[in-house]
Amino acid sequence: MSTTCPVCGSSELKSETKRISLNAFYGEPVEFEEQVYCCLVCNECGDFSGENESRILAAVEKAKKHLIGTILEDLNELGIKMTYFERALDLPARTVSRWKSGDTSSASVALLRVVHAFPWLLEVADARFSPLVVQRKVLEAAGNIIYKALKPPEHPSAIISDYRVAVAVHATYKFEPQIKVIEIGA
Amino acid sequence: MPYSFADFEKACNDPSKVAVSYDAKKGAEKDFNLLTESALLAFIGSGGLEDAVRINTDVWRFNPRKPPDIDVDSYSFYSGRKYGYIAFMFVPWTAKWSIKSFKINTEPNLREIETNLNYLPFQALKELVEKKLDGE
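If you're matching them up, the sequences are chains A and B in order. So for the first sequence, my numbering puts the first residue at 20; every next one is plus one. So for the second sequence, my numbering puts the first residue at 2; every next one is plus one.
Among the clues, some could well be false.
List time: in silico BS3-like cross-link candidates among lysine-lysine, alpha-carbon distance up to 25 Å [unchecked claim]:
hint	chain 1	residue 1	chain 2	residue 2
1	B	31	B	104
2	A	119	A	83
3	A	84	B	104
4	A	156	A	100
5	B	104	B	27
6	A	33	B	27
7	A	83	B	67
8	A	81	B	97
9	A	83	A	100
10	B	67	B	11
11	A	100	A	84
12	A	37	A	83
13	B	67	A	81
14	A	37	B	31
15	A	33	B	97
16	B	11	A	33
17	A	83	B	31
Calculated Cβ distances over 12 Å to all of chain A for the following chain B residues [what the hints assert, rightly or not]:
hint	residue
18	5
19	8
20	11
21	14
22	21
23	48
24	51
25	59
26	72
27	77
28	78
These are calculated hints, taken from the structure and not from any lab test. Using N, Cα and C, we set each Cβ at its ideal position, and we do this for glycine too.
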């Protein structure tokens, strides 16, 4: 079957092959070849033959495998044991081993990406998602970010303000919520 | 040709009824992380365009039939806090919808402005810090 323009129905087309770099996830972009058709009658351009879909999906699959390996290495470097990961998140034993061997789903990749971005979520999960622990960990994470962003004072007069910021950061660690926290099932 | 926005959304559940232009495909990939045409169509078909509002109608400039008798409609929409722009048309003689554009809307994002006014994520932290500093 010959390829036609899906918009105007013309068969007067030109096509070209483009080398595409896809940044589907962080890390190394994956490359693949894309076939692009342009209609000489109505100027529409696109994947008129539908052949790019499978190429993109293959590239994404390759990127996912690479991503899972990288994330698991990073978590390991943070000292997070996979047995702890599975227990905190109520996952069956050896789930991570299955992921390592390529038995993954979109949900497992999404979960890994979330934990990779916010490793402290494991502590929240381990505390059965207690609202109190959620608030503590959020503030702790915010305090860490502020603390790391502090620069050594350039002028003696800046010491006081930096001291005040340091006190503020310390305060986040001592934070006691003033709102009533309702524990589910309590 | 008169149509309802729901007709377009419904058509997106059947990929054979909708053509996605190269620009729309690239915008969906870059701005909304929708990497394939089928992912884009499934997103629209399952009601992903929140609070869609028609913003403009323009003649399809490259219509090969004269006089031009097809309009391209553009809509703004939201997806979470992202503010988007979509332009599409219906071509009666091929009985197909065509998505011409799908990208971030560069007009002011009212949802984000409202959200920021109602929910200042660091307001509580700021007040806490000020209280602690006053007490020290």
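Okay, the hints, checked on the actual structure:
For a cut-off of 25 Å, the pair hint linking residue 31/B to residue 104/B stands: about 8 Å separates their Cα positions. For the given pair, residue 119/A sits about 11 Å from residue 83/A by alpha-carbon distance, which is consistent with the 25 Å threshold. Of the pairs offered as hints, the one joining residue 84/A and residue 104/B is violated, with about 28 Å between alpha carbons and a cut-off of 25 Å exceeded. For the hint pairing residue 156/A with residue 100/A, the CA-to-CA distance comes to about 20 Å; that is within 25 Å, so the pair holds.
For the suggested pair residue 104/B and residue 27/B, the alpha carbons sit about 8 Å apart, so the restraint of at most 25 Å is met. Between residue 33/A and residue 27/B the alpha-carbon distance is near 19 Å, which keeps this suggested pair within the 25 Å criterion. With a CA separation close to 49 Å, the supplied pair residue 83/A and residue 67/B exceeds the 25 Å bound. For the hint pairing residue 81/A with residue 97/B, the CA-to-CA distance comes to about 33 Å; that exceeds 25 Å, so the pair is violated.
Note on residue 83/A and residue 100/A: the hinted pairing holds, with a Cα-Cα distance of about 21 Å set against a maximum of 25 Å. Of the supplied pair hints, the one linking residue 67/B and residue 11/B is violated, its CA atoms being roughly 29 Å apart against a limit of 25 Å. For the proposed pair residue 100/A and residue 84/A, the alpha carbon gap of about 20 Å is at most 25 Å, so the pair holds. Pair hint residue 37/A plus residue 83/A holds up; C-alpha atoms about 22 Å apart against a cutoff of 25 Å.
For the hint linking residue 67/B to residue 81/A, the alpha-carbon distance of about 47 Å lies beyond 25 Å, and the restraint is violated. Among the hinted pairs, residue 37/A with residue 31/B is consistent with the structure: their alpha-carbon atoms are about 17 Å apart, no more than 25 Å. For the hint pairing residue 33/A with residue 97/B, the CA-to-CA distance comes to about 21 Å; that is within 25 Å, so the pair holds. Proximity of residue 11/B to residue 33/A is assessed by CA-CA distance (about 31 Å); at most 25 Å being required, the pair is judged violated.
A hinted pair counts as satisfied when its Cα atoms are at most 25 Å apart, and residue 83/A with residue 31/B qualifies at roughly 18 Å. For residue 5/B, the requirement that its beta carbon stay farther than 12 Å from each beta carbon of chain A is met, with the minimum near 21 Å. Residue-level check passed: residue 8/B sits 17 Å from the nearest beta carbon of chain A, beyond 12 Å. Remark: the non-interface label on residue 11/B is consistent with the geometry, its nearest Cβ contact in chain A lying 18 Å away (cut-off 12 Å).
No beta-carbon of chain A is positioned within 12 Å of the beta-carbon of residue 14/B; the least distance is around 16 Å. For residue 21/B, the non-interface assignment is contradicted: its Cβ lies about 6 Å from the closest Cβ of chain A, within the 12 Å cut-off. Once the 12 Å rule is applied to beta carbons, residue 48/B is consistent with being away from chain A; the minimum gap is 19 Å. The Cβ of residue 51/B lies farther than 12 Å from every Cβ of chain A, with a closest approach of about 21 Å, so its non-interface assignment holds.
With a cut of 12 Å on Cβ distances, residue 59/B stays outside the contact zone with chain A, its closest approach being about 15 Å. At the 12 Å boundary, the C-beta of residue 72/B stays outside the reach of chain A, the nearest C-beta of that chain being 14 Å off. Here residue 77/B stays apart from chain A, with its beta-carbon at least about 23 Å from theirs, past the 12 Å limit. For residue 78/B, the non-interface assignment is confirmed: its Cβ lies about 21 Å from the closest Cβ of chain A, beyond the 12 Å cut-off.
The structure fails to meet hints 3, 7, 8, 10, 13, 16, 22 from the earlier list, while all remaining hints are met.
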